[in-house]
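Participant: Quick note: the sequence shown uses the numbering used here, first residue 1, plus one each step.
Among the hints, erroneous ones may be present.
To be verified - Only pairs whose alpha carbons sit at most 16 Å apart, straight line, appear in this in silico EDC-like list of lysine to aspartate or glutamate:
| # | residue 1 | residue 2 |
| --- | --- | --- |
| 1 | 435 | 400 |
| 2 | 435 | 379 |
| 3 | 428 | 413 |
| 4 | 603 | 512 |
| 5 | 486 | 635 |
| 6 | 235 | 75 |
| 7 | 430 | 394 |
| 8 | 620 | 606 |
| 9 | 389 | 420 |
| 10 | 389 | 205 |
| 11 | 621 | 631 |
| 12 | 561 | 591 |
| 13 | 235 | 91 |
| 14 | 621 | 606 |
| 15 | 621 | 598 |
| 16 | 228 | 217 |
| 17 | 452 | 624 |
| 18 | 428 | 400 |
| 19 | 621 | 632 |
| 20 | 235 | 215 |
| 21 | 579 | 590 |
| 22 | 461 | 626 |
| 23 | 235 | 221 |
| 24 | 486 | 626 |
| 25 | 603 | 634 |
| 26 | 545 | 624 |
| 27 | 548 | 616 |
| 28 | 141 | 217 |
| 29 | 452 | 440 |
| 30 | 238 | 210 |
Treat the hints as calculated values from the structure; they're not laboratory data.
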Amino acid sequence: MTSLEPQKKSNNPMDKLKKATSKKGQNSPAKDGGKKAPLTRSQKIFRGPLFWIIVAIIAVTVFGQITNAANRYTEIKTSQALAAISQSQVESAVLVDKSQKIRLILSGGNTIKGSTKVEASYAARQEPTLVDALTANPPAKGWSVEVPKQSFLTTFFFTFGPILIIGFLFFLMMSQAQGGNRVFSFGKSRAKLQNNDVPQNTFADVAGADEAIAELEEIKDFLADPGKYALLGAKIPKGVLLYGPPGTGKTLLARAVAGEAKVPFYSISGSDFVEMFVGVGAARVRDLFGQAKTNAPAIIFIDEIDAVGRARGKSNMSGGNDERENTLNQLLVEMDGFGTDLGIIILAATNRADILDKALLRAGRFDRQIYVDMPDLNERVAIFKVHLKNVKFDNSIDVEFLARQTPGFSGADIANICNESALIAARKGKHVVDKQDFLDAVDRIIGGLEKKNKIITAEEKSTIAYHEGGHAIISWLLEHASPLVKVTIVPRGRSLGAAWYLPEERQITTTEQIFDEMCAALGGRAAEEVAFGRISTGALSDLEKVTKQAYAMVTVYGLNKKIGNRSYYDSSGESQFTKPYSEETARIIDEEVSKIIERAYQKSVELLTQHRTHLDALAKKLLDKEVIFKDDLEEILGPRQWKERNPANEIKPE
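Generate coordinates for the entire structure from the input sequences, incorporating the hints supplied.
Facilitator: And the structure:
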């Protein structure tokens, strides 16, 4: 019978103390607000399955060693075994066929080397043999020949050991790949969710991409007020592809859209979908879109989508891209599986839009494709102003001057220049960043680290001075060559000397302009021949540049009369392993390229021969000062007869 009466309170002080202690340990709130304290790293290790697996392996190993020690035989010489057999000291004997040894158990308390269990080799060539001795004087319990049986532990380890080891290594590999104990979560998406709780980028943080921002404004408006578009029957694009050169701000634009729209932003790289295990990529795609649908409206951003969106069936010679293609197929299915009314926008970025699968780019998937180009002069001015907000610089710095000094630089390059200039100023102990720090940063990024202590002989230094002087003079004399900014013979990076020019920002280039640029590039080698009557290996990068330009003139742009108005450039990349022309045409192309390069080289030689005194004077000044500027060149050659374009006239006023 169960009593429902309450228990009587004890008056024993010890009982009250035990009860209070127990109650305090069980019901007292934790210091962190009632939550259990997180496990330390050591607690996770000792409580995890890996620790107990290691303990089990150690226990089995120790048990096996103890068992083997109990059954161990002492090794003796064959002569000692013969003596024991002849003296009838052996109780029993076994010839182990596998190891070619005889195992003896001694009788009557006899021992050899302190052991009653001994073994010796019976394969030794001596007379009489151990077998003859056993036959003549058999042990008390007889002798036999048998193949030793493996113990249970040995059989177990040889049978299941490799399986256990492989499974254990697989467990470790999966744990390492998935970050700890999430072994069975490799089908989950690795997308990072950026909420409104963290600081986000806006369009105010993006400069130099006004056209792209105007296109993306519609995406922001749709996510903020989709009813306005639905009222007119308009459908916002499902996907927007941002493509262009590296460093132009494609990822920053995608984050700015999320920051402006105030919606969840899922960011993931294309390589995160592809895994060595079959089906993982497709599972991650499904999980990613499932999360986005749950938190709609939302933005899914796939960076470097070419890692998973490469065109199917191209260059798949080994058949090793099945998993990537399965992931791409699942991505295509998911992009078709939701409508614009769900409020999910797919943004993607890539540097290689030409290799993407055409199914990704069709209408209904990535409807809108936005090309983010390298910034021009006006856009570089705007980018500099954005990145200089956090830099303490001298008021005398002209932002437009900095923009003119960085033609062809991307937004990422400009951000790097601003940061590098601040580092240089801090290294020099300055309180503000001045103009020279910015120029040093440009030199550092373009040419590399300055190496004034590099060991160079006097003869090599003279060759470098004439080489760089040849570049400077040819560019000064030719109409379409880029005007000089600075020449130096101080080694930087892998180059022994360098010349900085200020190229015109052209949208199209004529044959004459390309030819003059080739002449200027070959001016260094031409100067060596004119001055010393020999040439060196210092023109490697110049020759590489000139050869590419000449082949582009003939095979890409159709600027050669003999080949004609043809272009063998394939933007789709489908004919990358085959030549789209015959062997005869290839021979003509090589001949025409050779003629163009040699004609440019001879023109450079002729100009430098005519201005040999100027070349000598410029080389001497370079050897004395190591760095010369435009003013020094004007002092030697006079003002440049070709009128330079004034970049200041191209800057739009704010």
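Participant: Now, for every hint given, state plainly whether the structure supports it.
Facilitator: Here is what the structure says about each hint:
no.	hint	in the structure
1	435 with 400	holds (12 Å)
2	435 with 379	violated (20 Å)
3	428 with 413	violated (22 Å)
4	603 with 512	holds (13 Å)
5	486 with 635	holds (14 Å)
6	235 with 75	violated (89 Å)
7	430 with 394	holds (11 Å)
8	620 with 606	violated (21 Å)
9	389 with 420	holds (15 Å)
10	389 with 205	holds (11 Å)
11	621 with 631	holds (12 Å)
12	561 with 591	holds (13 Å)
13	235 with 91	violated (99 Å)
14	621 with 606	violated (22 Å)
15	621 with 598	violated (30 Å)
16	228 with 217	holds (14 Å)
17	452 with 624	holds (14 Å)
18	428 with 400	violated (25 Å)
19	621 with 632	holds (9 Å)
20	235 with 215	holds (14 Å)
21	579 with 590	holds (14 Å)
22	461 with 626	holds (10 Å)
23	235 with 221	holds (12 Å)
24	486 with 626	holds (11 Å)
25	603 with 634	violated (22 Å)
26	545 with 624	violated (30 Å)
27	548 with 616	violated (31 Å)
28	141 with 217	violated (100 Å)
29	452 with 440	holds (14 Å)
30	238 with 210	violated (22 Å)
Of the hints listed earlier, those the structure fails to meet are numbers 2, 3, 6, 8, 13, 14, 15, 18, 25, 26, 27, 28, 30, in rising order.
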